[in-house]
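All chains, full assembly: derive it from the sequences and hints.
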Amino acid sequence: MSDKMMPNNRRIRMLIVDDEPVICEGLRCTINWDELGVDVVGEAYDGQEALRLVQEHDVDFLLSDIRMEGMDGLQLAEQLMQRFPRVRIIIISGYEDFEYARQAIRLGVSDYLLKPVDIEELTTVVSKVVASIHKREQEGASEEAKLWLLDMFRHGSAYSKEAPASLHGVQFRIVVTQLDNFYEGYDTMPPVEYKKIQDRWLRMLHGCLQRSELQLVSVFYHENLLITLMLSNAKMDRRAWDELLAATILSLQKDIGLYGGASQPYDDLADTAVYCAEAAELLPYYVLEGVPFLLPEYRDRIGTNRQLPELDIAGHVQGIVAALFKQDWDEVKEQVASMFQFFREKRFLLRDIVKINEELFALLRQRLRKSGMTDLEYGHKGTPNLNVYNSYAGLEVLVLDEIQQLLLLIEKQGIDKSYWIIEKAKKYMNDHYQSDLKASEVASWLKITPSYFSYIFKQSTGKGFTEYMNEAKIDHAKQLLATTHDKVFEIADKVGYKEYKYFVSVFKSYTGMTPKEYRGLSASKDAGK
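With our numbering, you'll find the sequence shown wraps up at 545, consecutive numbering, no jumps.
I should point out that these hints are in silico values taken from the structure, not numbers from a laboratory. Hints may be right or wrong, so weigh each one.
[Stated by the list, open to error] Taking lysine-lysine pairs in the BS3-like style, the calculated list, with each CA pair at most 30 Å apart, reads:
#, residue 1, residue 2
1, Lys514, Lys443
2, Lys541, Lys517
3, Lys177, Lys131
4, Lys270, Lys342
Take a look at the structure:
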């Protein structure tokens with residue numbers, strides 16, 4: 017919670033304990049307890065009575081003599097430590113013996129004063145005890161408020177616990193802040209050094225936002241995500257509030273590279289979870305234009321339902337697989353750089369990129385599995401945390417790291433490097449199926465010998481070159497027969513057969529029927545739909 021807390025005006029309840037009533041009366045009347053913020057709730061003349069009154073009056077601290085009939089002051093301190101550990105005790109003793117003082121310290125006594133008591137010294141000691149009780153309660157209230165805010169953020173509207181009594185106001189607002197380029201700049205920083213960054217972050221934020229009408233509660237949900245609840249005792253002008261926040265965030269951006277988002281102001285603390293979500297939802301939009309202070313109006317202007325162009329995932333998979341089997345890391349990096357250039361130019365959010373990368377890696381593993389590779393989940397890091405990888409550059413590094421794990425796996429398993437040659441050959445063959453392509457022409461294009469090409473092609477596909485080409489041609493012919501009114505001889509020419517009779521013969525050998533029969537069957541199926 018903010019260092020500038022709301023004043024703690026609770027009066028402290030004190031009990032005087034001494035077996036001599038005149039001493040009790042003297043202690044009650046000698047000091048102006050009211051000025052110290054203390055209410056003397058009673059007097060006890062022995063330890064047992066003191067324990068009863070502590071429970072009955074919810075006492076905060078005791079002023080007790082050490083020597084009493086029955087339970088003495090030290091025994092009373094021991095009982096308090098066991099049964100009422102939050103209750104403080106000041107011992108007044110006529111004994112200067114060090115052993116008494118040592119025992120008192122061991123039993124958690126706040127102070128040990130010798131008789132005759134110096135009034136000024138007693139006043140100072142009591143003031144310190146009162147201050148320490150207030151501080152403890154303030155810290156307790158602060159922790160309670162932080163835990164409540166954290167649960168609101170974490171569990172959303174499903175969390176219905178009432179706000180702590182220490183939180184009050186007439187208007188509220190949520191601000192979430194984050195360091196830019198966290199992965200590149202801070203992720204590997206030693207924890208002690210990063211804690212200094214967080215402390216500075218918190219100190220600067222509160223220093224800029226603290227005003228007389230504001231109370232602040234801040235808690236880290238993630239090491240790179242700070243949630244701040246602002247509570248105002250008066251209705252604030254929206255523009256003035258926005259300007260205060262904008263100036264604060266801009267100042268922190270210049271100093272530590274920070275950006276943030278703010279919810280709309282709201283009037284009911286019970287709605288805090290809703291506005292936590294609203295503020296957090298703004299942070300992803302920072303990558304689009306680098307606007308450091310984000311408001312709901314900015315998100316609405318950009319458009320939550322943006323239409324994004326499709327990335328040629330299949331083409332990138334083909335390129336990356338080929339580069340992997342060539343073990344050409346520079347080519348891999350070029351492929352990934354091309355993808356991320358596309359993402360930047362088309363203004364993709366990082367969460368959009370994560371979805372695309374999941375599909376990309378699924379297809380990559382599928383292709384590699386077909387080549388005989390196993391253990392393809394090795395090195396897979398799962399869905400990235402966008403509080404860590406909160407930039408295009410950070411995600412790009414993550415994608416490269418995961419592809420590099422696949423490359424290491426290829427090297428480890430010793431996969432035949434001829435695979436990429438065949439992939440390249442098949443693409444070339446599919447692009448040129450209409451011509452009378454020869455195996456020697458493909459081998460020449462690949463810059464390998466025809467005999468080596470024929471061997472590795474058969475090993476990889478289980479088919480000879482001619483068989484593969486005929487299947488490709490017939491598949492295209494079937495498509496044309498079913499979807500066009502072209503004459504059969506025209507289709508034969510389009511798929512690379514110059515001899516009509518030869519085309520019919522090949523077509524029948526693969527399909528069990530002539531082209532005309534296939535067209536008739538296809539037409540009857542369409543008519544029956």
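Hints, one by one, checked against the model:
Between Lys514 and Lys443, the direct Cα distance comes to roughly 23 Å. Compliance with the 30 Å bound is thereby established for this hinted pair. Between the alpha carbons of Lys541 and Lys517 the distance comes to roughly 26 Å, so the proposed pair stays at or under 30 Å and holds. For the hint pairing Lys177 with Lys131, the CA-to-CA distance comes to about 50 Å; that exceeds 30 Å, so the pair is violated. Our distance criterion of 30 Å between C-alpha atoms is broken by Lys270 and Lys342, whose separation comes to about 45 Å.
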